[in-house]
Structure formats: structure tokens, C-alpha cells
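Construct all of the structure, not just a fragment, from the sequences and the given hints.
Protein sequence lines correspond, in order, to chains A and B. Note that this note's numbering gives residue 512 to position 435 of the first sequence, counting from 1, and the numbers run on in steps of one. Note that this note's numbering gives residue 445 to position 368 of the second sequence, counting from 1, and the numbers run on in steps of one.
To be clear, the hints were calculated from the coordinates, so they are not data collected in a lab. It is possible that some hints are incorrect.
Copies of the same chain look alike in the list, so a pair counts if it fits in one copy or across any two.
Quick list of in silico lysine-lysine cross-link-like pairs, DSBU-like style, CA-CA up to 35 Å [as the list claims (entries may be wrong)]:
#1 192 x 340
#2 498 x 188
#3 188 x 504
#4 515 x 430
#5 188 x 355
#6 498 x 384
#7 188 x 476
#8 225 x 323
#9 515 x 340
#10 188 x 225
#11 340 x 355
#12 391 x 355
#13 168 x 188
#14 515 x 504
#15 479 x 391
#16 476 x 504
#17 430 x 188
There are 2 protein chains.
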Amino acid sequence: MEPGPPSGSRPTEQGPCLSGLLGAHQAAPASSPSAAGAEPGRCPLSVAAVLPAGGCGERMGVPTPKQFCPILERPLISYTLQALERVCWIKDIVVAVTSENMEAMNSIIQKYQHKRISLVEAGGTRHRSIFNGLKALAEDQPDSKLSKPEVVIIHDAVRPFVEEDVLFKVVIAAKEHGAAGAIRPLVSTVISPSADGCLDHSLERARYRASEMPQAFLFDVIYEAYQQCSDYDLEFGTECLQLALKYCHTNAKLVEGSPDLWKVTYKRDLYAAESIIKERISQEICVVMDTKEGEEHIGLLLEAVLKCELNHVKITSGALQHAGSDLQRIISEQCYNFVCVNVMTSDFQDTQKLLSILEESNLSTLYPVVVVSVHFLDFKLATLGQKMENLMWIRGFAKEMKRRNILLCGLLVCYPQDEQKLQESLKQAAIIIAALIKERNSGLVGQLLVA
Amino acid sequence: MEPGPPSGSRPTEQGPCLSGLLGAHQAAPASSPSAAGAEPGRCPLSVAAVLPAGGCGERMGVPTPKQFCPILERPLISYTLQALERVCWIKDIVVAVTSENMEAMNSIIQKYQHKRISLVEAGGTRHRSIFNGLKALAEDQPDSKLSKPEVVIIHDAVRPFVEEDVLFKVVIAAKEHGAAGAIRPLVSTVISPSADGCLDHSLERARYRASEMPQAFLFDVIYEAYQQCSDYDLEFGTECLQLALKYCHTNAKLVEGSPDLWKVTYKRDLYAAESIIKERISQEICVVMDTKEGEEHIGLLLEAVLKCELNHVKITSGALQHAGSDLQRIISEQCYNFVCVNVMTSDFQDTQKLLSILEESNLSTLYPVVVVSVHFLDFKLATLGQKMENLMWIRGFAKEMKRRNILLCGLLVCYPQDEQKLQESLKQAAIIIAALIKERNSGLVGQLLVA
Numbered sequence: 078m079e080p081g082p083p084s085g086s087r088p089t090e091q092g093p094c095l096s097g098l099l100g101a102h103q104a105a106p107a108s109s110p111s112a113a114g115a116e117p118g119r120c121p122l123s124v125a126a127v128l129p130a131g132g133c134g135e136r137m138g139v140p141t142p143k144q145f146c147p148i149l150e151r152p153l154i155s156y157t158l159q160a161l162e163r164v165c166w167i168k169d170i171v172v173a174v175t176s177e178n179m180e181a182m183n184s185i186i187q188k189y190q191h192k193r194i195s196l197v198e199a200g201g202t203r204h205r206s207i208f209n210g211l212k213a214l215a216e217d218q219p220d221s222k223l224s225k226p227e228v229v230i231i232h233d234a235v236r237p238f239v240e241e242d243v244l245f246k247v248v249i250a251a252k253e254h255g256a257a258g259a260i261r262p263l264v265s266t267v268i269s270p271s272a273d274g275c276l277d278h279s280l281e282r283a284r285y286r287a288s289e290m291p292q293a294f295l296f297d298v299i300y301e302a303y304q305q306c307s308d309y310d311l312e313f314g315t316e317c318l319q320l321a322l323k324y325c326h327t328n329a330k331l332v333e334g335s336p337d338l339w340k341v342t343y344k345r346d347l348y349a350a351e352s353i354i355k356e357r358i359s360q361e362i363c364v365v366m367d368t369k370e371g372e373e374h375i376g377l378l379l380e381a382v383l384k385c386e387l388n389h390v391k392i393t394s395g396a397l398q399h400a401g402s403d404l405q406r407i408i409s410e411q412c413y414n415f416v417c418v419n420v421m422t423s424d425f426q427d428t429q430k431l432l433s434i435l436e437e438s439n440l441s442t443l444y445p446v447v448v449v450s451v452h453f454l455d456f457k458l459a460t461l462g463q464k465m466e467n468l469m470w471i472r473g474f475a476k477e478m479k480r481r482n483i484l485l486c487g488l489l490v491c492y493p494q495d496e497q498k499l500q501e502s503l504k505q506a507a508i509i510i511a512a513l514i515k516e517r518n519s520g521l522v523g524q525l526l527v528a
Numbered sequence: 078m079e080p081g082p083p084s085g086s087r088p089t090e091q092g093p094c095l096s097g098l099l100g101a102h103q104a105a106p107a108s109s110p111s112a113a114g115a116e117p118g119r120c121p122l123s124v125a126a127v128l129p130a131g132g133c134g135e136r137m138g139v140p141t142p143k144q145f146c147p148i149l150e151r152p153l154i155s156y157t158l159q160a161l162e163r164v165c166w167i168k169d170i171v172v173a174v175t176s177e178n179m180e181a182m183n184s185i186i187q188k189y190q191h192k193r194i195s196l197v198e199a200g201g202t203r204h205r206s207i208f209n210g211l212k213a214l215a216e217d218q219p220d221s222k223l224s225k226p227e228v229v230i231i232h233d234a235v236r237p238f239v240e241e242d243v244l245f246k247v248v249i250a251a252k253e254h255g256a257a258g259a260i261r262p263l264v265s266t267v268i269s270p271s272a273d274g275c276l277d278h279s280l281e282r283a284r285y286r287a288s289e290m291p292q293a294f295l296f297d298v299i300y301e302a303y304q305q306c307s308d309y310d311l312e313f314g315t316e317c318l319q320l321a322l323k324y325c326h327t328n329a330k331l332v333e334g335s336p337d338l339w340k341v342t343y344k345r346d347l348y349a350a351e352s353i354i355k356e357r358i359s360q361e362i363c364v365v366m367d368t369k370e371g372e373e374h375i376g377l378l379l380e381a382v383l384k385c386e387l388n389h390v391k392i393t394s395g396a397l398q399h400a401g402s403d404l405q406r407i408i409s410e411q412c413y414n415f416v417c418v419n420v421m422t423s424d425f426q427d428t429q430k431l432l433s434i435l436e437e438s439n440l441s442t443l444y445p446v447v448v449v450s451v452h453f454l455d456f457k458l459a460t461l462g463q464k465m466e467n468l469m470w471i472r473g474f475a476k477e478m479k480r481r482n483i484l485l486c487g488l489l490v491c492y493p494q495d496e497q498k499l500q501e502s503l504k505q506a507a508i509i510i511a512a513l514i515k516e517r518n519s520g521l522v523g524q525l526l527v528a
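Encoded structure:
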């Protein structure tokens with residue numbers, strides 16, 4: 078598996094509920110309990126997650142801690158919260174942040190409408206932060222408003238691409254083995270240096286694995302381990318599985334993870350994360366038009382060319398009639414790209430209708446939405462210059478939309494009588510639409526492009 | 078150090094010569110022999126490099142082997158060759174490619190004008206490919222046209238960001254110790270699984286390192302090791318340092334490398350590499366205008382605003398007079414971004430002059446060059462529509478330029494009499510210019526944007 082677009086699943090789509098799956102024995106293939114070697118029967122599990130987010134990101138080489146670095150103007154940690162949130166069977170998500178970032182974290186939760194999140198204060202090290210998160214979940218704490226889960230997931234704030242599948246697998250394995258963690262093959266050979274900085278020996282790559290996140294534990298096991306463990310462990314340790322082994326004699330089950338689990342560590346990882354997110358929200362384009370039944374619409378031609386030219390993208394269409402009920406469905410399924418075809422006489426009416434619907438939907442809360450307002454021009458009827466002058470109205474309007482995270486551009490498509498030339502115009506339009514959607518650059522909003 | 082833009086150094090700039098440095102004792106700070114703990118004296122070293130490039134890139138999840146995946150339409154391996162080539166003291170670069178990719182590799186060498194490259198046939202494994210490369214360098218081979226180097230560098234085709242500094246360090250260390258390799262701290266904890274897929278033990282992260290590339294060896298040491306080593310090693314081994322240790326009892330010196338050394342392994346790494354390369358070639362913008370001495374030029378205003386708004390970018394200026402001798406220098410120093418300011422009456426004359434100079438320079442052989450043709454418009458003198466109509470000529474011209482890897486866009490800047498409004502127009506122009514340079518998307522060429 079690759080960190081490209083997940084097969085069919087949308088970034089914020091909700092997966093099936095674990096409790097439902099377990100109760101009704103209707104496991105989806107990827108989430109089958111037997112995949113993790115476990116058969117938990119009919120008993121639903123109670124699951125919470127702890128997310129240490131107190132790190133300072135020194136390896137990033139930037140002053141902002143990496144979990145707060147923006148991707149498409151939204152902090153990285155919000156993507157990770159979104160990935161956990163959409164898994165409906167995780168009932169609580171406890172995030173450990175430093176006191177100086179507490180306010181910023183609260184704003185993030187509010188702005189991006191995160192749910193089921195509790196904040197605790199981070200400790201000075203990763204282990205201390207996790208311990209604080211566990212304490213908040215333990216019922217023995219007098220001021221805890223949370224209830225103790227049977228299984229607790231520990232994940233990193235800087236691994237935003239975790240899928241429900243692997244979360245499910247580690248939870249089921251933890252239920253059976255007491256502890257479980259995701260692993261990946263080693264990319265580089267691991268070597269042991271001698272005291273004088275020379276090679277002492279190298280490890281046989283095939284016999285070792287990289288320990289990644291998420292991990293899951295029976296709550297009582299990992300809480301016991303943290304209560305028992307030494308100050309040295311809390312200060313210098315890095316591996317929760319090791320604590321469970323050392324203090325509770327629990328040999329964690331290791332679960333093969335996908336490359337998606339990688340940790341955003343260096344600046345290049347931020348670049349990669351941004352490209353992956355952009356790619357994921359560019360998988361579908363909805364062509365919007367105001368058709369009446371039986372009417373031949375130029376938009377249908379454009380739709381056909383988009384389907385042909387952009388063959389990795391799903392092209393759907395939505396009508397503006399009936400208060401856009403078609404569109405409402407497409408929006409609820411998280412399509413972030415719209416090409417609105419305006420009929421020649423109406424100029425911007427259809428685009429304005431679409432924008433009203435998008436504004437009401439809150440679709441742009443999590444991701445910038447691209448809207449390309451398409452206008453056709455027959456050179457026989459008007460000059461390009463005149464038409465452009467009319468349409469420059471888009472600049473002011475785009476500015477307003479940008480404040481709502483909607484990126485609006487205009488696209489004027491030449492509409493010659495000649496069939497072949499029309500096809501060329503439409504192909505050119507498809508290339509420009511693809512570029513606008515791919516880059517999602519707010520510096521280009523309000524421009525009127527010509528195909 | 079971060080994989081961001083190297084301090085002051087351009088992507089293709091040539092570094093100082095090792096032989097020169099060693100002979101004249103004029104080592105640059107970063108390349109000081111003492112940095113590697115060695116003092117090689119006055120004797121110049123002869124150095125060659127071997128690059129195994131026969132892999133199939135199965136982890137990438139794409140059919141093209143990763144070393145041939147395009148970044149800005151140029152294959153990844155060409156960037157790596159460029160990184161080695163610019164180090165003038167590496168006299169030969171031997172690349173091992175499979176017979177089926179031999180022709181493609183020859184085209185790459187020709188198209189991107191690579192020098193000092195010899196091709197050999199790759200073996201079935203990484204070690205066999207390296208061995209083939211070493212054989213070509215050994216003088217005992219009857220048909221070898223290459224001469225045996227004192228030290229040989231082994232590098233990966235998929236690590237394009239290697240800097241001269243670390244190459245120098247491993248070469249000097251290899252001269253002293255017989256072998257040397259770059260290392261990095263571990264990002265994840267390394268664990269050892271038991272036979273039943275559970276955690277057996279985890280390694281103390283601080284005591285181990287990831288072995289990266291480049292590595293360097295006394296030629297006789299590594300060639301001897303490959304001649305001695307078993308079929309099992311050739312088939313399943315991954316670590317050259319281990320061969321030198323096992324067969325020649327040479328404990329390699331380990332050299333701390335920068336994060337730049339990372340290996341393009343997954344699709345996300347291609348995304349990261351593309352972003353890093355785009356960032357590196359977007360560090361400088363040259364504002365081009367046809368000024369006469371003492372003349373007040375609107376271009377100077379734009380230059381001032383660019384300096385103020387894009388404060389991570391170096392803004393230079395070049396004049397078109399005297400056959401563009403100013404410009405020639407800027408081009409020779411590898412600036413890949415030009416903003417050409419046309420005076421109101423001339424329309425495209427200045428941009429055309431600039432494009433001729435760029436075409437002659439071959440600057441766009443390695444990277445796409447962005448040219449923004451800026452035109453000012455006083456609304457009192459002409460309507461936007463009229464002006465745009467005149468300038469739509471740019472579309473045809475941009476198409477032609479695109480074939481030469483020059484990405485041309487037009488930018489019409491409103492020039493109101495009001496000082497404050499003019500500043501706003503210029504700021505808007507800076508935002509658009511920054512977006513065009515950042516994205517470098519060929520789908521947007523020929524567009525006429527409005528600020």
C-alpha cells in the first residue's frame with residue numbers, strides 16, 4: 078500500500094463502528110478481526126486514544142513545533158485528530174500539550190470543530206506526556222471526567238495518515254496479547270558504532286523492524302507499566318512496547334503497517350504531507366450546471382472532455398435545480414472541486430448559486446475548496462476583450478470567497494463553430510482546471526484564465 | 078542542517094577542486110580535511126564513483142523504477158548525476174543499469190548533457206551491480222577504458238541531494254581508514270520480533286545509527302572484498318561497509334551526514350524531492366528592464382515591492398542593454414526566474430529580447446525557467462479589455478516557449494495615479510509572481526493574469 082489516495086475512501090469519511098462490527102459479525106474485509114488473529118466475540122470494546130503533542134520539533138529546523146506547522150493553512154495536528162475522530166469507536170481522544178500551547182490547541186479544536194477531545198498538560202518528555210494522558214483516563218484520579226477504557230491507543234500527533242484498518246488491528250491484537258504495535262521494514266541498514274566512531278557491526282536488516290505508531294494496550298497493562306517505571310525510563314525511554322515488556326512481561330503483538338504510518342520528522346516530510354493531502358482532495362471534480370431536461374448543454378461536452386483527459390480523477394455532475402439536492406449529496410460525500418458551467422446569457426448567476434450552497438455547507442472548514450467558474454464565448458458574437466471586461470467582476474468576489482477558504486477562478490472558453498477547434502478549447506480548459514485544482518494556490522484566486 | 082536551500086550554493090554550481098585544495102592547502106571551512114580527522118598532505122587523490130541504478134523500485138508502487146521517475150519532467154537519476162558531476166574532483170562516474178534501460182539512460186545523458194559518465198550493465202542485485210561498476214574501474218580488465226582510482230565513492234541513484242561536503246569527508250576518511258560511510262540518527266526505534274510475531278526486544282536507539290550513502294573505500298580494499306565475497310553475500314547482502322569488514326577486516330569510519338542524504342523510497346519521497354527542487358530554484362528572481370541611465374522606471378517600483386513582500390527570495394535586476402551582459406552573468410549564476418517589465422508603449426519587445434537571450438543560454442536544459450511578462454495599464458488611457466485583447470498574443474508565443482522548457486505568463490498590472498492604489502496593485506503583482514514561480518505548473522503558461 079502506498080500513501081496515495083486510499084481506495085475509494087474520502088479524507089473525512091466515517092468508517093464502520095467497531096462495536097457494530099463485533100456485535101453483528103459484519104466485519105469489512107480490511108477490518109476483519111481474524112486478520113489480527115483475534116476473535117473478540119460479541120463483546121464491544123471501549124477504546125480511547127492518547128496523543129502526546131508536547132514535542133518541540135527540533136529536527137524540523139523551524140521555530141514552530143512540527144505538530145503545529147500548517148499544511149494548506151491548517152495545523153498538522155488537526156489532520157491527525159481528524160484521522161482519529163472519523164473512527165467512531167474511539168470514544169475519547171486525550172491530547173497532551175505544553176501549557177504554552179494550550180490556548181492555541183483550544184483554538185484549533187474550535188476552528189476545525191474537533192469532537193471527543195480532552196486536553197492534558199504535557200510532561201517534559203514523551204513518556205511523561207503519555208503518562209499524563211493515561212492518568213486522565215484512569216478512574217482513580219479524582220478530577221477526571223473521562224471513563225477508563227478497556228484498550229488505549231497511543232499515537233503520534235505527527236502521523237496524520239493513520240487509517241482505521243491498522244487502528245482496528247492493533248486494538249484487537251492488544252485485547253488478546255495485552256499490547257500491540259505497528260511495524261515497518263527497515264529502509265536503511267542499522268549499524269552499531271564503536272567508541273572511536275568506526276563500524277563495530279551491522280545488523281541483518283531482515284531480522285529487525287522499525288517500530289512505528291499506532292500502538293494499543295490493555296489499559297491496565299500500560300498504566301501499571303507507567304506507574305512502575307523508573308525516572309530514567311520516563312526521562313530517556315522512547316518505546317512504550319518496551320515498558321510493557323519490562324514492567325508487565327507483556328510481549329507485544331507486532332502488526333505490519335502500511336507506509337502511510339510514517340512520521341512527519343523533517344521539513345521534507347511536511348512537503349510530502351502537503352502533496353499527499355492535495356492529491357487526496359483532488360480525486361473528484363463535480364461539474365455543476367443548470368440543465369433542464371432534454372436540453373443540450375455545453376457543460377456536458379466539457380464533462381466528457383474532463384473524463385477523457387483527467388483519467389485518474391472521478392468526474393461527477395450535479396444540477397443546481399431543486400435547491401441543489403444533487404449537489405448536497407456530492408458535498409456531503411466530500412468533493413472539494415467544482416467546475417460551474419454558466420450558460421452564455423447568465424454570466425455569473427449559476428456560479429453565485431453554487432457558492433451560496435457551498436457557503437452554507439461548511440465544506441471548506443477542513444480543506445480549501447476550488448471553484449472554477451466557466452464561461453463560453455463565441456468570437457462571432459463578442460470580442461474577447463469585451464467579455465473579459467464583463468467578467469472581471471470575479472476579482473472582487475473571489476477576494477470575499479477566499480476568506481471562507483473557497484478558491485474561486487474564472488475560465489473563459491472559446492466556443493468556435495468548428496467542431497475540432499471546440500475540442501481543442503475544451504482540452505485546454507481541462508489542462509487549466511487540472512492545474513488550478515492540483516496547486517490549490519490562493520495567490521491565483523480571482524484570475525480570469527482563457528482556454 | 079535541513080534539506081532546504083543550501084546556504085548560497087546553486088544547484089549546479091561547481092565546488093572547489095579537491096586536488097587543488099589538497100595541493101594548495103586552501104580548504105574551504107566545510108571541506109577542511111581536518112573535519113574528517115585526516116591530513117592527506119600535498120598528494121592529490123584520484124577519485125571515481127559507482128552508482129548502482131538497476132533497482133526496480135518495488136516499494137514505490139509505480140511501474141517505473143524510482144530512479145527514472147520524473148521530477149519536473151526530468152528523471153530522478155539525472156539530478157543525482159548532476160550532484161556528483163558538479164564535484165570537479167570526481168573524475169569518473171560509473172552507472173550500472175539493466176540492459177533494458179541502457180538506451181533510456183543514454184538518452185538521459187545526452188539530453189541533460191551529463192559528462193564523465195560510463196555505463197555498465199547492472200547485476201541481478203545491488204551488490205552485483207556495484208561489483209560490475211568496480212570491475213570497469215579495475216585496470217586488470219582488458220576492455221576497460223577507465224583508470225583505477227585510489228578511492229571509490231559508492232552512492233545511490235535515488236539520493237539526489239548529496240552535497241560536496243559529505244562526499245569530501247567520506248573520501249578523506251576512506252583514505253585514512255580504508256572505508257567510510259555516512260550515518261544518520263535512527264528516526265524510529267528498532268525492534269527484534271520473535272518467531273511468533275511478537276516483540277522479543279527493542280534496541281536502545283541512541284546506541285545505533287542508520288547507515289546511509291555516500292560511502293567511500295580505498296579501491297583495492299573494496300575490490301578485494303567483492304572478489305572474496307560469497308554468492309550468498311552478493312545475493313542477499315545490503316551493506317558494503319559490512320563486506321569491507323568481513324573480508325578485509327577494515328572497520329569503516331562513520332561520518333555524520335545531514336538529512337539531505339535521505340533515499341527516495343516511497344511515492345511521498347518523490348513529492349518531497351519535487352518540492353525541495355522547486356524551492357531551491359525559486360530562491361532568486363531577476364527583474365529585467367530596459368532602463369536608460371537616470372530614467373525613472375516603473376520596474377524599479379515593482380522591484381522594491383518584490384523585495385519587501387517576498388523576503389525569503391533574493392531579488393536581483395538585470396538590464397537588457399549592451400546585449401544583456403548583466404543578464405548573461407545572472408543566467409550563468411543559475412537564476413531560474415525572470416520578471417520582465419515592458420514599458421507601456423512597447424508591449425512585448427523587451428520580453429522577446431529576454432526570451433532570445435534565455436534560449437541562447439541553454440539555461441532551461443536542467444530546470445524549467447519561469448518568465449513573467451509584466452505590462453502596466455493606466456485605466457485612464459485604455460480599457461482593460463482593449464489591453465488584454467492586444468496582449469493575448471502571448472498565448473501562441475508561450476506554447477512555443479514551453480517546448481524549450483521556458484514557462485511564460487503575462488501579468489497586467491493596473492497603474493492608477495493614486496499612490497496607495499498603485500502600491501496595492503504592485504503587492505498583488507508580487508503575490509501572483511510568487512504563486513507562478515512556486516508552482517511552476519506548465520498548465521498555466523500563456524495566461525494573462527491581472528493584478
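Hints and how they fare:
no.: 1; hint: 192 x 340; verdict: within (23 Å within a copy, 38 Å between copies)
no.: 2; hint: 498 x 188; verdict: between (47 Å within a copy, 33 Å between copies)
no.: 3; hint: 188 x 504; verdict: between (39 Å within a copy, 29 Å between copies)
no.: 4; hint: 515 x 430; verdict: both (24 Å within a copy, 32 Å between copies)
no.: 5; hint: 188 x 355; verdict: both (20 Å within a copy, 31 Å between copies)
no.: 6; hint: 498 x 384; verdict: within (18 Å within a copy, 43 Å between copies)
no.: 7; hint: 188 x 476; verdict: within (21 Å within a copy, 44 Å between copies)
no.: 8; hint: 225 x 323; verdict: within (23 Å within a copy, 54 Å between copies)
no.: 9; hint: 515 x 340; verdict: both (24 Å within a copy, 25 Å between copies)
no.: 10; hint: 188 x 225; verdict: within (28 Å within a copy, 64 Å between copies)
no.: 11; hint: 340 x 355; verdict: both (18 Å within a copy, 23 Å between copies)
no.: 12; hint: 391 x 355; verdict: both (15 Å within a copy, 28 Å between copies)
no.: 13; hint: 168 x 188; verdict: within (21 Å within a copy, 58 Å between copies)
no.: 14; hint: 515 x 504; verdict: both (16 Å within a copy, 24 Å between copies)
no.: 15; hint: 479 x 391; verdict: both (25 Å within a copy, 28 Å between copies)
no.: 16; hint: 476 x 504; verdict: both (28 Å within a copy, 14 Å between copies)
no.: 17; hint: 430 x 188; verdict: within (26 Å within a copy, 51 Å between copies)
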